[in-house]
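Assemble the whole structure, with the sequences as input and the hints as a guide.
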Amino acid sequence: MMFYDLFSGVKWEVRANDHYFHQSCRRKSFLCFRWGRYADNVVRSYKYTPLTFLPLNLYEQFQRVANLFFLLIVILQVCGVPIIATIPWYSTMLPLLFVLLVRGCKDLATDLVSLSFLSFSHLLCCLSQADLLLLCSTEPHSLCYVETADIDGETNLKFRQALSVTHTELNGDSVKQNLAAFDGIVWCEKPNGNLHSFKGELHWKGERHLLDTDHLLLRGTVLRNTDIAYGLAIYTGSDSKILQNCGKLKLKNTQVEMLLNKTVLILLFMITTALLLAVGAGLFEHRVSPKYDVVSVLQRDSSPAYLGFITFWGYIILLSPSMPMSLYITFEVIHMVHCLLIGWDIEMYWEDNNSPAQARTTTLNEELGQVGHLLSDKTGTLTQNRLLFRQCFIAGHIYDLSWNRFSCGGLKFSDQRLVDKLRERSSPECQEFFTALALCHTVMSEWRDGLPHYQAASPDEEALVCAARELGWVFLSRTRETLTISEMGLTRNYQLLALLDFTSKRRRMSVLVRDPGGQLKLYCKGADIVVLERLQRDWPLQESTERALELFAQGCLRTLCVAVRSVPEALWTEWSRTLSQAGTSTGNQETVLEEIYDQMEKDLTLLGVTAIEDRLQEGVPETIATLRRAGLKVWVLTGDKTETAVNVGYACKLMDPDTILIQGEELRSENTEMTKAPEWGAKFVALSDQCQSVLCCRVTPAQKAEVVEMVRKHSTSITMAIGDGANDVNMIKTAHIGVGLCGVEGSQAVQNADFALAQFRFLRRLLLVHGHWSYYRICILLRYFLYKTTAFALVHIWYSFYNGFSAQPMYESWFISLYTTLYTSLPIQCMGFFEQDVSAKSCLCWPEIYSIGQKEQLFNPLVLAITLLYSVYTSIILFFIPMGILQYSALDYQTLAVTVQTSVLLTMTVEVILHTKFWTKYSVAAVVFSLVAFFLSTLALHSTRLFTASPKDYFFLGIHVCRLIIVHVKNISPKEEMHLIKITNYLKKKKRF
Amino acid sequence: MMASSYNAKDEDGHHPGSVGSGGPGAVKSKKPDNTAFKQQRLPAWQPILTAGTVLPAFFMIGLIFIPIGIGLLVTSNNIKEFEVRAVAIATSYCVIRALCSYTAPRTKDFSNVFMYYGLSNFYQNHRRYVKSRDDSQLNGDKSSLLNPSKECEPYRTSDKKSIAPCGAIANSLFNDTLELFYIHPNGSRIAIHLVKTGIAWWTDKHVKFRNPGENNNNLSIVFQDTSKPVNWRKPVYELDPSDPDNNGFINEDFIVWMRTAALPTFRKLYRIIQKKKDNMTPTLPPGNYSLEVIYNYPVRSFDGRKRMILSTISWMGGKNPFLGIAYITVGSVCFFLGVVLLIIHHKYGNRNNNADIPN
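Top to bottom, those sequences are chains A and B.
If you count the first sequence from 1, position 967 lands on 1462 in the numbering used here, and the numbers rise without skipping.
If you count the second sequence from 1, position 180 lands on 169 in the numbering used here, and the numbers rise without skipping.
Simulated from the structure, these hints should not be mistaken for laboratory data.
Hints may contain errors.
Unchecked claim - So the derived label-pair ranges between C-beta atoms look like this:
(1) B:Asn67 with A:Lys786: 32 to 42 Å
(2) B:Asp292 with A:Thr767: 25 to 35 Å
(3) B:Asn164 with A:Ala1444: 50 to 60 Å
(4) B:Gln263 with A:Leu760: 51 to 61 Å
(5) B:Phe26 with A:Glu508: 42 to 52 Å
From the three backbone atoms N, C-alpha and C, an ideal C-beta is built for every residue, glycine too.
Structure representation (structure tokens):
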């Protein structure tokens, strides 16, 4: 067990064909207790079973404070002493049940969707259901081609290869017997969610073999071009990497929602009010009721303090409807519909890759209307990332490969000089250059119809390999150890010795090959800075190279340098030994590898420079111009050279004379500074706020995220990050809202984004139309909800001054229970779905409207306070006007209650009517439905039949509804007036601007 | 009167799914349906509030409300209401005679006159008090009669017999007797005939309140196992022995009391003085009257006051100056604001009228 100590962190043991061992470790569960280490492989992608749905779902729902609060209220009412229960238990229970039911249905529906998805994927028998260690396959060298679209969204073929030892030992005629006898032990990492790393060892027949991600078939990958693959299950069930990755998304909360959460203040207010009223009750019991034996007999010798305490709870129950319980559920439903509407928008659908817009997070809609900073990646986001090999520089000459900017990469107009040179084989530099292009890459080729089709991880590589093919250096195929290319019709096999991969930190990649002549050569391809500093000293053509690089940069071209090195045999043997040693060490393997790679990639000879053009996407300049008019600060973060970035900046109308340039070095130093002195970052953001656009060049992915973090920290505005590649994932996750473009570079960005678009120009519609509408609708909805619930509950307070603070409710109990659920929910819901303050066209025509959201004009603490004051005012009118009118008659409690509740309902409906600016048939139907529902149910609840069935619950009998309506028309009108006045004032204010 | 626009764009004739890459193995098009609903282009009426629509609305409301208010106020002022405050010093049973003069109304009033008693400072809307009743018992339920609801405590049982009607409301039934006499100029006292039925709500009298024991007219047998409320002088079946339709639970004075008041100062209908059949003489001729109160109901302990109110009614109900004043106030506020806004509009309103937003 020596290695066990060496491998700190490698603590997962899998023994092949040892059932007994695993049985003892199987994770078991009884009730909620679990023990054992290894999850079983029963597929449980769905959350609920019929048995667990109810308890599990209820448990989840009651984690919400509001729901829990109402549950406590119900418990207070049901189990609590009857003296506390001011209103019957069903009046709170009904809304709570309604909310729980709707929410539960939604959860169940979501779960059923994922369930059906699973049964679909079951049909693919080649789908791997656990993380497997590939042992052998029917393909030569036990290669195994897989598609990982379900995992990272990339559709290109990748290959996995078994260890050569298992390949040779296990393959053969009797695979199954061999496998049954296989008794290797795997030591590896504990289950984790890192999809791109795996470290472990296979101990078999007394030898240790290193394992890495190339040997692992993750759950969710699909086998392609491979008949059978045999593997050893390493992680199963919930231990598998893809499941470890699930459900750990950081929840993003919107600002509006956070402000809304502060409505817990309402709870505080409620408790204070109840407390004050309880003091009032205590005083009443102390001063008044002893003299008043009709009531004092009923209190049965309780002290005033005790009675005050009881009244306190009574008022808590009575005022509880002021907590907008159904708001959360309404909020969710409306968010969901808004997300659907984004997906349904035909103007955000892109036919070229058949992708509509997609809202992946359903909680951020209104923030789309409040974005202040847009941080954008350049490559693939502003540009098409459909690359054209425009020019190259070889041995002092610049060759135009495709001068025609409308060419689609076919290279039909290649430079005749170059073609001549290649044909005559007169220029060894040119030949070497294209050999390098054909060899130094990670492209896979797939033969279809007798032609190679290339599958590349990055479009740069594809463009370069395709260009080489057009000019006669055709990459034919690769295995793990060889590369086959055809050089001007001559097929040659290169032995692949090592592949020094590309990382965003190294910014280069190299291949070490043995050419058919037996010579060792290292071909290196990378960013100009890193390659140029690794060239032999005093390399020729230094000046012309630099001139060429500058020229390319001015033409907005992306440059890569290609270099070669002849490697002596001795160096290779020594280097490979170091490499294999490094391979066995764990811990900081990456940095160790980097150093070793560095030793090989030096003393290079420059072969040439490639210049690739990346055209701007359609509509980018217009979109950026519109967004700038809307008051957004557009930041472009790119890894490109300053010159290239500036040129792109001008091209897409980002740059004005006031655009400042921040060099990467400055930023880097500033970032390190920032950790020590935060005011630096604040100063920087303050400075950038003076300009409308900022362009950051030479930024690494990590720095991108840091910039976003900095903006988030030092400005109050909402940040939105948009990108398309894996290098933008960090940034997308850091920003308030992340948008992923379904670009050419796989869909990792989309997987991590909150919204997915096909084109940059759709951003305009997403923000200005959908964002603005969502913000408007949700703000109106919130205000209305607060208004309706608080005004409703406050009436009880005014009444308490007239009933000795005895917590006598002002409404009939059925009205209390149906008010939020039936009478007032639909019209506002309709408004949340359909309302449009300005049409889509106007939103786009006048982007300035967007600033309403950026400045939070529709929902901020001030508006909140005004809304609350307004509801206080409304509640005063709602109570005192009916009281004033009815006080002259022989006023009984029932008449007053029904009058007040009818006024409440009519007022709330009128409020919606006055706010609605977009009357669809649904809105009309909702308003009519609410009113009809109220009058019908009032009639029904006051009917003789229900009374005789249960006199206690339906004691409000025989109210003259018609007479009431007449009274209402009278006393509702003052209210309506006030609304009109308010609206007109608002209009006037608007007009004055 | 409202500026409005009708927003209904035609569908563009695109058919979902018709634009795919085509051919075998083509991916199913995800193109969204081009429907008005999904594209948020539902036909809609968009009322736009402008100065041109809102200002006339203000004036209209002002002009409609002020006359209505004036009408209501005048009507209300024409309704004769007469109030006698019985400043009762008495603490125990006695008879109080109050002399009062009732002068002739300007327009002769030939309709019914309603007689109310009023109490102030009496918390009939206190929650514990409101709950202290059993509606099933009052509805004639036999089992509730003998076993009343717990809500009635401590007026549920007395002497191990259940109380009928139980509860604090019933126990505190108003039991003064009011009588009105016309003092003829020649000095003789003529008793005014007071009608004691027809003062309760129809549904209360016929649905909500019912005597137990179906058609058994002998209420003393029906109620034999029950005890009278402790404060009462006589059992429930002796409330009005003269009229079986007004006795027991369906006694109208009782029903009126059981319909609890909303505010601590309230009035309740007591009697109706019916109009004269000939329609020629006023219901109550002008002159002096004497009110006799047989004083049973103690109110002094809680600083309560008793009143007797005589009132006629009109099309708008009883005397109610508040409604008219409210209408006049709102109407004038509207009118005033209309004027103010008109001035503002006239002075500053023409600044950006040309920037119309297209829809």
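To see whether the hints hold, each was checked on the structure:
1. B:Asn67 with A:Lys786: 32 to 42 Å: 40 Å, holds
2. B:Asp292 with A:Thr767: 25 to 35 Å: 31 Å, holds
3. B:Asn164 with A:Ala1444: 50 to 60 Å: 33 Å, violated
4. B:Gln263 with A:Leu760: 51 to 61 Å: This hint holds: roughly 60 Å between Cβ atoms.
5. B:Phe26 with A:Glu508: 42 to 52 Å: 58 Å, violated
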